[in-house]
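Going down the list, the protein sequences come from chains Y and G. Here numbering that gives the first Met the number 0 is used: the first sequence runs in plain steps of one and ends on residue 618. Here numbering that gives the first Met the number 0 is used: the second sequence runs in plain steps of one and ends on residue 466.
Rather than coming from a laboratory, the hints here were simulated on the basis of the structure. Careful, some of the hints might be misleading.
As the list claims (entries may be wrong) - Below, simulated DSBU-like cross-link-like pairs (lysine-lysine); rule was C-alpha separation at most 30 Å, straight line:
(1) G:Lys309 / Y:Lys244
(2) G:Lys440 / Y:Lys141
(3) Y:Lys435 / Y:Lys450
(4) Y:Lys227 / Y:Lys106
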Amino acid sequence: MVTSLQEELEDIRQEYATSLEELTFNSKPIISNLTIIAQENMQAAEVIARAIEDHIGKCAPGHKLPVLYLLDSICKNVGSPYTTLFGRNLYRTFTGAYTLVNDSIRKKMHELFKTWKQPVPSTGQPLFAHETLRRIESYLTKAMSAVLEIQQQHQQARPPSFRSTPPLGQTGPGQEPSRSYPASSASVPASMAPSTSAGGYDSYFQAPDTGSGYKSYAEVKPASAITKASLTADLSMLIELTREKIEDHPADVDAATQLSALTQLYQIVSTSELSGSQLQTIKTELDVLANDLGRYKSNKRKAHPDHSILSPPSKRAWNSPQLDQQVPVWTPPVATQPVYASTPPPAVNSLSIAGLQPDLLAQLLIPQMPQQQQQPQYVNNSALTAALAGIPGLVLPVQQSRQVSANDAAALLASLMSAGLINTGLSKPENKMLEKLMGSDVELSNKFIQKPRSDLVVLLYDSLPLLCSTCGRRFADTERDRKVRDAHLDWHFRVNKRLRDDSRGQSRSWYLGEEAWIQSADADADVNPDDINDGKDKAGTDGGDVNNAELAKKMQEVSQRYISTPKDAAVVNTPCPICMEKFKSVWNEKAEDWVWMNAVQNSNGKIYHGTCALECGLI
Amino acid sequence: MDLPGFGHESKNSNINTISLSAESEWRFEVGADATVNIKILEGNAEIFGTELALGPTYHFTAAKLSIYTWRGCQIEWEGELLAEYISDESAMPMYANLHFALEKLRAQAAGTDTQYIRKETGATATPGQPETEAEGPKVLIIGPRFSGKTSLAKILTAYASKMGRSPIAVSLDPKESLLSLPGTVSAASFATMMDVEEMETWGSSATTGPMHIPPKNPIVYYFGSDSPTDNIPFYKAVMNRLSLAVSSRIAVDPKARISGTIIDATGILDPKVGYDLIDTIAADFSVNVIVTVGNERLYNDLLKRYQSRKDMNVVKVQRSGGVVETDATYLRSMQQRLFKQYFYGKPASPLSAFTVTTDISAFTVYKRAEQARLVSSSVLPIGSEVTSAKESLLTKTVVSAILQNSILALLYANPNDTEDDIAESSVMGFVHVLDVDETKKKLKVLMPIKSRLPAQVYLMGNYHYME
Ligand SMILES: Nc1ncnc2c1ncn2[C@@H]1O[C@H](COP(=O)(O)OP(=O)(O)OP(=O)(O)O)[C@@H](O)[C@H]1O
Ligand SMILES: [Mg+2]
Ligand SMILES: [Zn+2]
Ligand SMILES: [Zn+2]
């Protein structure tokens, strides 16, 4: 009997689906076996991909991860057409699973997702389309910040009354939809709640060099000990809030400035060593902003008081339970806001106040204040004020009696810049100029445009005092820009030499094609910023730089090196000492084994990424 | 009486010096057959936002330009000018303010885009940090003909790249050219400065050898004639395709993303066709800033039109008094000059072009389908839009003597691609049909580069060039 192609495909699909039932734990042999079957049945790629997607969709949450690993293995080892096929529905497949699984699996999914963003050595491109990855990433970011908020929430004790108050992540119709996701009870069956939160999000929020990560933020700690971790946690919160504000008010330029300042600040805080006083400076500024935003947020909530009832307790099922345990018993009294607000809150209906959350700033600050965490129970307004006032080093906005205004964003930016905290690429006197640019009077309006502002012209000239005498290009007088200038002068030199040496006539080149043009960012610059950052001035794309090409080739070569995945559990979890990223195990056809790609081992047994080692001159 | 050496203004070889006081501009015109040498002796000077170096001599041919100085300068010039005068009523302070306002938006985006920050600082990703992408302003410049739109676009682009940005400049006006030829819509990233000697075309596209000013790489689509109204559906199709390329670039290039886009729209303002087109451009390029140049009515119309869009900012600037109105003859001769420059370069930097002979049968030429029967959809009652869904945008052309002297766009498309795919293909370059021999079935073609005639699709427009 002749089977039609259709039937044959259906057979393969069913067979594959049956094999998938066995994949209930992270089993190397099963995954590699299924990967090989997928590779050998390329003609059935479409149905195999569908079988896997279906299975991820309907299998028990605890079994989803190994199937995702299978998807990952097929894409990484077989590649096309599976990458395309899975890419189509990847957002749905991934996020659909994400909503249903527990914290520790989510953490694994984050790690898995991270590897997808890495360029595949053979193509230099990430595994899936940029747009798909971006969507998933933004989903994960939102999910995480919502979790953070809910965790904040948990540090408020609201045992009997919390039904009547919405978690921060909980929103009603008409509000930003993404924020409602983590709190959505539909997607988190109570039975799915993890019994312990082994890791959970804690490690995700970890600042690079603190051991305790997000937990340390929640931990009891003197208020004066502002740490990197606590600041980054504050910052992610503020960033998320600001972004929400911008979504509500797209034209709010100050909010945009603020978001910009906060994001830069995040980068700075998390990557540089700051002194205690610097940390304190930032903290003080942040408190003012938090106050402002907190009021914005609580006012917004006042506009939707009804939604507060929509929050059943099960919604927090998958939050870290240990946070629940240490929640102090503290019910916010009515109208807490004035404690922090320097201006009286707008008059509101007292009915809606009853169900209100405390001011967001309170949520931000209280976890860091031992007094608030340990003792205060049913404090009233004045007691709280007194308690806060007693904390050394904590500057309350109310004490500064500073008018919280739209200018705060600019002020924040300005003070951070003058403190030398924000890297504007300009030296200090030029920072002053940038402050001017970021000042609130500079705006896209007819009024601003019409009135001559010769003072700003400094930005076009004096701020860029180094001049190329050949072409007139200007550079700032900073270490980085001086390097750019040197590379630029080198470039002139090479061009001149080639023009002298090369007597062949020139012709017009063809234009780039779409794909090449889209990817031509580096070809458009005469100096590549990566080179500057490396401190290797090997710039120049004036028709193909030999060094660059050679290096790229070597990189490519090194990225193909691999070692067998170590068996020792401790070694498996040790990250690359250079970039601190963990290695990812993939099935290697040739080696018939699980391997770490782009990995090299030195004589002491230390394992590095090949590309990292090459970059640092170790190989 | 001509007494040699007695300081008589001989137009030819006398060296003239000009002192420009702060915030004034020297406007001058150079004929197509003349060359003028200009040197900045002192102070600072810029042409449409691009600064001139002190010392080197710049050569200008066929140009209507202005040298502006913020703080005064000394200029030395030599050669024959068609006209020149100094004006202290420059629009530059206004245009610079516009730039500063845009620059503030870029700085905000730069501080928010984590990918950009990482790339610029060389920092590595921080675990747990929320990833954010931010986009710089996307500016659409609109105004009547001869309002100085293109010059303003150049100024904004030049100032942005001077301050370290890499804006993407987009030209949607097929009659002129951004790094390409008339008949196109195109875009390019300006990570480096513009070549002031080639201001007319926003600098020069790449050649096979090195250049003193880094060449720019445009992405080019072929429309085929001067005015979008010649064929609105086709124009919208190529424009849409261009916008896709630009948005893809923005997605992968953080620096371009935070730097934003500057779009020089075309000068059609007929409210019937023009406003519909403006809507399309605004949507395709996600425009969030509209700058109207020198027309109150236009400004007010657009202000009203977009008042419900919270994220859209409509502002106005005045027309510069220096803008020169030219006529159709001038446009024709400019276009002829651009065709010539594409193949042969300029006298100071000549390029070689090559002739190839090929069989007519090996040559696939399309023309855009003329939609003469189609009234522009916007003049029809709402709902009765005549969709040309069935009708292809292109028709295949029989290779005949009609092609003689044509400029053809060589597309990144193969003869067996579908017509839809062909219509969406970008331009690889241009060829010039020198001769069609119908009896011998041979074709003689001028190519910019030494190679066989690519067996791809050629698109014919309304342009001819006579050597
Ligand atoms: N300030 C100036 N001084 C001298 N010439 C100028 C000045 N501004 C513009 N021009 C010249 O005037 C001509 C027309 O200006 P431009 O191309 O900017 O106007 P446009 O609005 O883009 O015109 P069109 O509607 O034809 O596209 C150009 O040749 C330009 O170089
Ligand atoms: Mg123009
Ligand atoms: Zn230079
Ligand atoms: Zn590494």
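Do the hints match the structure? See the list:
1. G:Lys309 / Y:Lys244: 14 Å, holds
2. G:Lys440 / Y:Lys141: Since the Cα atoms of Lys440 (chain G) and Lys141 (chain Y) sit roughly 65 Å apart, the hinted pair is violated (cutoff 30 Å).
3. Y:Lys435 / Y:Lys450: 15 Å, holds
4. Y:Lys227 / Y:Lys106: With a Cα-Cα distance of about 22 Å, the restraint between Lys227 (chain Y) and Lys106 (chain Y) holds, given a limit of 30 Å.
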